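Enquirer: Using the sequences plus the hints, can you model the full thing?
Below are the chains, spelled out letter by letter.
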Amino acid sequence: MIHDAVTEVMSAACPWLVLVLCLQQVAGWCGLTWRGWRLLASSGALALIVLLLPAKGLIIARWVAGVSVNFSIPLTGMLAIAVWERTFARRIFSHVDWATGWSFGAIGGLVLYPLALGVSSFDPYEWGWRFSPLFVIMGALTSWLIWKQNGFGFLLLLAIVAFQLRLLESSNYWDYLLDPIYCLTSLVWLGGRLVAHIRGGVVRPDAASGA
Amino acid sequence: MNTWPLGRSVRSFTVGAHLREEGVRVRREVEEVIASVGETKKSIVYGTKRMMRPATRGILILLAVASNAWPLVEAGNPVPAFVTPAPMQVAGGPPFFHEEFINSDSSHPMSHVASVGELPDGRLAATWYAGSREGASDVAIYLSTRAPAESAWSRPHAIVTRESASRDLNRYIKKVGNSVIFSDSKGGLWLIYVTVSVGGWSGSSLNLTMSADEGLTWTPSRRLTLSPFFNLSELVKNAPVALSDGGWAVPIYHELAGTFPEVLWLRDATGDFRATKSRMSAGWYGYQPALAPLNAHRALALLREDSSAKRLSIARTENAGETWSPPQPLDLPNPDAGLDALQLRDGRLLLAFNDSTDGRDNLRLAMSADEGRTWERVATVAEEPGADFSYPFLMQTRDGQVHLVYTWHRKAIKHVAFNAAWLDERRNASTR
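Protein sequences appear in the order of chains A and B. For the first sequence, position 25 (counting from the first letter as 1) is numbered 25 according to the numbering used here, and the numbering increases by one without interruption. For the second sequence, position 94 (counting from the first letter as 1) is numbered 1094 according to the numbering used here, and the numbering increases by one without interruption.
One or more of the hints may lead you astray.
Beta-carbon label-pair distances, calculated as ranges [said to hold, decoys possible]:
hint, chain 1, residue 1, chain 2, residue 2, range
1, B, Met1052, A, Ser132, 25 to 33 Å
2, A, Lys56, B, Ala1147, 40 to 48 Å
3, B, Ala1296, A, Ile49, 53 to 61 Å
4, B, Arg1274, A, Leu53, 31 to 39 Å
5, B, Pro1326, A, Ser132, 19 to 27 Å
Derived list of chain A stretches under chain B, where covered just means 3 residues or more per stretch with a C-beta under 8 Å from a C-beta of chain B [to be verified]:
hint, region
6, 15 to 23
7, 106 to 117
Selected chain B positions facing chain A (in silico; Cβ < 8 Å) [as the list claims (entries may be wrong)]:
hint, residue
8, Arg1057
9, Ser1183
10, Val1198
11, Ser1202
12, Ala1282
No wet-lab data here; the hints were simulated from the structure. These figures come from a predicted structure and were not determined experimentally. Cβ coordinates follow ideal geometry from the N, Cα and C atoms, glycine included.
Expert: In structure tokens:
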């Protein structure tokens, strides 16, 4: 019962953060110059109210769950950081941290999804259920990023901790690391960088955050 | 670093509506400068951009390594053996054959995809889905039981509806579909069933529920996460095989982008199954596998084919399902229709299939005495031009009787019971 409640809260965290970001954006367009806790409390509460609105017997958050419940920890963490940076106008992730996060989502997604959807008889998704090279790779990558003080390394650390605590509905490690929305967003970011590179333009470091 | 005073001054600066955009731009630039100054300060103090001592980093790295290594400690026996029924010689009794409808008085225009299991007391329990049409919102999964001494099946009752699944899973459910029923050695009756929230059948997910009172009441359903892509496109059609550790190997399949057969492993540790899966083939070799164990480690899977070859195919494992051979076509046709197979207690293999490349207007039985290398047609269960006899499901009860349930004209579910003597009689008749 407690586990179900925790997984439902975790599945609602990502939509809530997206809503908070959207509401803050709208507030900016409307000329509202609130910052800090006042902005976070108001946008957070409004987003929560929206997610708790009932519609045909289900709250909005559970309608979202009909599409996806396993939002990855890096995506949730990056959204939380984006909300925090926007709310408090304070940088938490450097452009390198953001770039690492988007690169991880793009590369990981390009490896996982085609293979999991049947491109070959090797299914890397199986690696997420038991000790496998995935755990070795992620342990090494997380350690290296933390040693380099890359902020994304902390999100990967949170992902393995969340997996050990089974905070998502899934019991597969991959679902704690990646999800299709994260992968798609990362590919859009990667595409943008490639286009900018091809055009020979200089990409502003803070553009990596997408903020 | 608190930027609130800066916000105030910028707000004063943007009083004029025509200066608002300029004010926001200036404010951002100033905030960025302040943020960068903050980072520079930290760099000066600690020599890096973040304030983290090497000891702290070391502890976090230790945590990362330990957490990623922990599954190694947890790892149990990775490959349990298949449980095969105790061998039993063919009884010398007379041939027996009986057929009947399970839901002949159904008010539903459509009934499809039946499964049957044996309860601890020897009764049969069958499930199928029925409603106004396949995929409609009024479709529900029905259960009916039959005791050997009774002359008819019990009145079917809905055990899973779209609404009950939505309530149990606490999310929107658009429709329910295929189900498979089976009972464990402790008396529990299990049901794996398909639900769809978005799209067609390729958007399916699998769910698990259990009854401790032989189907009267069911535990809240649990969603099984088996695919990384929105947990989509996992379906079930045929019977599971028991494992030596108390778990089950359930043949399932995937049909989004690639179409391929898989095995769902339900491993029991503390009364609740832990679900994982493994692949049988790449994304272009058959689906709806029928799993037939030959012994503790060897098994074969017969596959429905949607390719132009229109042939059944077969895959084999020698290591209890850990790896599978590439599927090979059999010399039996398949009109892209479901099939089922099982190993009889006398060791022979029995197959129920549509013996055609272009329709489902017959349902035949074939047998193999050489572990699936060659097959011999032994009996026709149903045949009528233009009709639809589909989705057979086979099961052998503890008394040695074989039970076949299948979709009849898409309107009803038919149950056929026979024994090995009847199969031999039909086989002898067909070879004469």
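Enquirer: Which of the numbered hints above does this structure break?
Expert: 6, 9, 11
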